[in-house]
Amino acid sequence: DRDESEFVTLEVMRMKERGSIGAFSDVGVLFRTNQQCRAFEDCLRRHRIPYRVLGSTRFYERREIRDVLSYLRVLCNDLDSASLLRILNVPTRGVGEVTRQKLVALAALRNQSVTQLILSLEEEEEKKEEKEEIGIPSRQRNSLLNLSRSLRLFSDKVSVCTPAEMVQVVVQELGLEEFYRKEPDGESRVSNLKELLLAALHYPDRGLSSTSRFLEDVFLDNQEQQQQQQQQDVAEERRLVKNNLKAK
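Whatever position you read off the sequence shown (first residue = 1), add 848 for our numbering.
Please note: incorrect hints may appear among the correct ones.
As the list claims (entries may be wrong) - Between beta-carbon pairs, the in silico distance windows are:
| hint | residue 1 | residue 2 | range |
| --- | --- | --- | --- |
| 1 | ALA871 | LYS950 | 30 to 40 angstroms |
| 2 | VAL946 | GLU971 | 18 to 28 angstroms |
| 3 | ARG866 | ARG1000 | 22 to 32 angstroms |
| 4 | ASN990 | HIS895 | 41 to 51 angstroms |
| 5 | GLY983 | VAL856 | 48 to 58 angstroms |
These aren't lab readings, by the way, just hints derived from the structure by calculation.
As the structure is a computational prediction, the values presented were derived from the model and not from experiment.
For glycine and all other residues, C-beta sits at the position ideal for the given N, C-alpha and C.
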């Protein structure tokens, strides 16, 4: 898939250079399967070619991919409360909206991130007064304690593992394949997790030797693609308006 996507991308670039197409948006690529999308997206991003995925969702915006990346973001940055809140129930932990609000409120009261608060739960387990302060039912609290232990386990590995190894650790230790497989489109989501692992395996070839660099690259590339797409949409809208005016 990688060789195929590289061949197609380079051919599109040659077409643009020869003037065979006026813009990259003049070209469409058909996929045999959704899983092929990732290889093409990575290749297009690497060559800074703007693109739009029709009939599906961009690979790095798919729920299961964002979930795993959120775990990695939390491990690389314990101030990232948004990512922590995203994965509170991934896999299911029975943490409802009331508990979420309590965590956010207490974290703000303590001048902590939600991640830092979760990580502190294990240390406070023996302190009765702080258990009462948090006010979370024992079932939910036990689930959060398990999450805290998992995060600490992952934190011990993140500084010495490659991005691919960390993806594998998170998916396997949390049983995410089994978690997503229970959904109606479960097999597709599991296949996407395997594609994420393949994507991470390719990053060292590009000089990305740490999980934090891997995340930074994915985030910046996605942000750049969104900006390019917005600019392309504006240009297309202006072109259509201009053509309509000419027609009148």
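We went through each hint and held it up to the structure:
no., hint, verdict
1, ALA871 to LYS950: 30 to 40 angstroms, "violated, 51 angstroms"
2, VAL946 to GLU971: 18 to 28 angstroms, "holds, 24 angstroms"
3, ARG866 to ARG1000: 22 to 32 angstroms, "violated, 56 angstroms"
4, ASN990 to HIS895: 41 to 51 angstroms, "holds, 49 angstroms"
5, GLY983 to VAL856: 48 to 58 angstroms, "holds, 56 angstroms"
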